[in-house]
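Protein chains in written order, with my numbering: chain G, 4 to 103; chain L, 4 to 103; chain X, 4 to 103.
Just so you know, not all the hints are guaranteed correct.
[To be verified] Covered by chain X, per the in silico footprint, the following chain L stretches (three or more residues, Cβ under 8 Å):
#, stretch
1, 29 to 40
2, 94 to 103
[Said to hold, decoys possible] Restricting the straight-line Cα-Cα distance to at most 27 Å, the calculated cross-link-like pairs of lysine-lysine (DSSO-like) are:
#, chain 1, residue 1, chain 2, residue 2
3, G, Lys102, L, Lys84
4, L, Lys102, X, Lys102
5, G, Lys84, X, Lys102
FYI, nobody ran anything at the bench for these hints, they're computed from the structure. The C-beta atom is built at its ideal place from N, Cα and C for all residues, glycine as well.
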Amino acid sequence: MNRYPMKLVTIVCESLARTHVVRLLTEVGAHGYTLFPVEGEGAQGGRPGDIQEFGNIQVQIVAPPVVADEIMVRLQRDFFKRFAMIAYESNIQVMRPEKF
Amino acid sequence: MNRYPMKLVTIVCESLARTHVVRLLTEVGAHGYTLFPVEGEGAQGGRPGDIQEFGNIQVQIVAPPVVADEIMVRLQRDFFKRFAMIAYESNIQVMRPEKF
Amino acid sequence: MNRYPMKLVTIVCESLARTHVVRLLTEVGAHGYTLFPVEGEGAQGGRPGDIQEFGNIQVQIVAPPVVADEIMVRLQRDFFKRFAMIAYESNIQVMRPEKF
Chain G
4 MNRYPMKLVT IVCESLARTH VVRLLTEVGA HGYTLFPVEG EGAQGGRPGD
54 IQEFGNIQVQ IVAPPVVADE IMVRLQRDFF KRFAMIAYES NIQVMRPEKF
Chain L
4 MNRYPMKLVT IVCESLARTH VVRLLTEVGA HGYTLFPVEG EGAQGGRPGD
54 IQEFGNIQVQ IVAPPVVADE IMVRLQRDFF KRFAMIAYES NIQVMRPEKF
Chain X
4 MNRYPMKLVT IVCESLARTH VVRLLTEVGA HGYTLFPVEG EGAQGGRPGD
54 IQEFGNIQVQ IVAPPVVADE IMVRLQRDFF KRFAMIAYES NIQVMRPEKF
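Please model the complete structure; the sequences and the hints are all you need to start from.
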């Protein structure tokens, strides 16, 4: 059985960023995403806009490396200053690369 | 402290696949799973059976590579045509390999 | 765009371990965490304290390798005997290492 390398991008952000994040995913050509509410606490030191205790979501996107890169670049450029948010990327394997 | 390599299998599927997925996990000898509801959107293009906006779950299984392989093979063989579903695999490390 | 290697520590445990886990994260200097309720089933064989079907949470921590190590060591030393719990570690990449 063949496996194909993909990237998993995980975004934890305040809920009010949701529509903006989903629009970004559409713009860069991501084929889908998973989203669920989470609690949490963000970076210590309490900068305004740091992640609050409630009202956060976690968004997960499986995408080819080039699309994942584009998501990360645009998060950095357009989102990190505006929204309480963290994002990270990891390596995964899938069986049907055409789905992503 | 020793670490042992395991696989994390993640399945995102429509809720109605739940009992079938759990039965598969039992059959292949997985020792546990984690499950939670998610929202999301699936592959663009709207094939019938693609992941809908509501009523999805995410299932996570930590398993030895051979068990993870078996899960992936059987998802491909028996589930992908029947259920709206994506699945992926990643490398993790654990401390108590006998638990999985 | 630079990426920096971090660790993602994932803990699945009974809810009653929550305050203890959060205190541990503070003590080792983790800068944040994400938490959400999950269902699931634990190791077969039914030892008392194994993960029950309801009332579990999943906690995720992004941290530098040395902090992740400390979390894993202390979970092993102080938590595994007291609480129904699994924990695992994986490699991720971030863009703003100073956040974690």
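Hints, verified against the model:
Against chain X, the stretch 29 to 40 of chain L contributes 6 residues with a C-beta closer than 8 Å to a partner C-beta. That satisfies the three-residue criterion, and the hint holds. Coverage of a stretch by a chain is defined here by at least three residues with a beta carbon nearer than 8 Å to that chain's beta carbons; for the stretch 94 to 103 of chain L and chain X the count is 8, and the condition holds. Between Lys102/G and Lys84/L the alpha-carbon distance is near 13 Å, which keeps this suggested pair within the 27 Å criterion. With a C-alpha separation of about 33 Å, the suggested pair Lys102/L and Lys102/X falls outside the 27 Å cut-off, and the hint is violated.
Distance hint between Lys84/G and Lys102/X is fulfilled; the C-alpha atoms sit about 13 Å from each other, no more than 27 Å.
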